[in-house]
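Protein chains in written order, with the numbering used here: chain A, 9 to 183; chain B, 187 to 371.
Hints were generated in silico from the structure; no laboratory data involved.
Treat the numbers as computed from the prediction; the structure is a model and nothing was measured.
Think of the CB as a built atom: it goes at the ideal place given N, C-alpha and C, for glycine as much as any other residue.
Facing chain B, a subset of chain A residues (Cβ under 7 Å, in silico):
(1) Phe-27
(2) Glu-45
(3) Cys-48
(4) Gln-49
(5) Phe-52
(6) Glu-140
(7) Tyr-146
(8) Lys-161
(9) Arg-168
Computed cross-link-like contacts, DSS-like style, restricted to lysine-lysine with a CA-CA straight-line distance of at most 27 Å:
(10) A:Lys-151 - B:Lys-206
(11) B:Lys-235 - B:Lys-211
(12) A:Lys-123 - B:Lys-235
What follows is each chain in one-letter form.
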Amino acid sequence: MDVGEDQSYTFKEVYDAVFPVLYKVVYHIIREKTIAEDLCQEAFIRYYNKRIPLPSINESRYWLIRVAKNLAFNYRKRKVRETNAVDKLKQEGVKVQPDTQDNILKEETITVVKKAVDNLPVKYRTVLILKEYGELNYKEISKILHISENNVKIRVYRARVLLENKLNRDDLHVF
Amino acid sequence: MCFDGQTLSAFLDNELESSKYLIVKEHLQSCSDCQKTIDLLQSVSSQVKLANNQVESFTKETVWTRLSHSTSPGRGLDFWHRAFIISPTLMISLSFLFIAILGASLFFSIFNDSSSFPFSNNADLSFESEKYPLEIPVDNVEKVLAYFNIHDEPLEFYMQLPGPSDFVIQGEPIFLKKTDYVAER
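Could you put the whole structure together from the sequences, leaning on the hints where they help?
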């Protein structure tokens, strides 16, 4: 499956390079593995059908992350409207290993952190997910979101401050 | 001099320029407040990363399998469906070149085309008559002055208006008569 005869990279190469980070970003926005797979698939289908080939794998990566992020947030908006208490229980949660107290506390921390990240304003949550889970640098994030690097720096800092306030209020056990 | 939170956050992410990075690093060795801020930011970052999940290999393969089925083979972009990418720089250069060529052609056409100028050396503007065999184009000032130098008689000017047929335009006012177009002799 080739993007085009003249391209120096194939669709498979783009997929192998981009899928891991794409999946992480989408998963941490919507927190559902199956839906994350579907949204990643949708993003790659749109990329494959795109008539204007992108000049490099990096440009493809930025484009795919941008599209997948938008798909994920759109899905999340729809889901928030539809969700009820039963759906919340069905969402994939953290597996609790009842063997040690430390493990239990750790899982509680993860749950609280996830909830705190989910409650951040969208623009701060987006940069935080791209930075901490996508492991992208400021320059890459600025290209994906079409904002300046300075703006990325400010948003990452503010996201961390908001998160710190929220986690401290919850009196979290720090690991 | 303490640094603001954004700079310290960028330091934590290794996003500062090397010179500034060294300055901040040196400052942290002696400033407990900044070090405390860094520790706090580091703690938040660590907690956030706790929730990170590794991409399971079978997830990647599962999605690839589904992708392979949903996109049929041989659907690469053929020549006629491919869009040609022109970089913005090239586009701007081509635009300027086009404007320059257009401007130059207009410039030369104006100055080289004498018929577009009013009162040029055009025989239509000259007067021709049986009584006055001399014909001097009205825009040739030098010839007119030369004529005056030679002749002392007064010179009568006649302007020959276009014939009536040239004024056949729908809606022409009716008070314009044929006699209006006859030059006095």
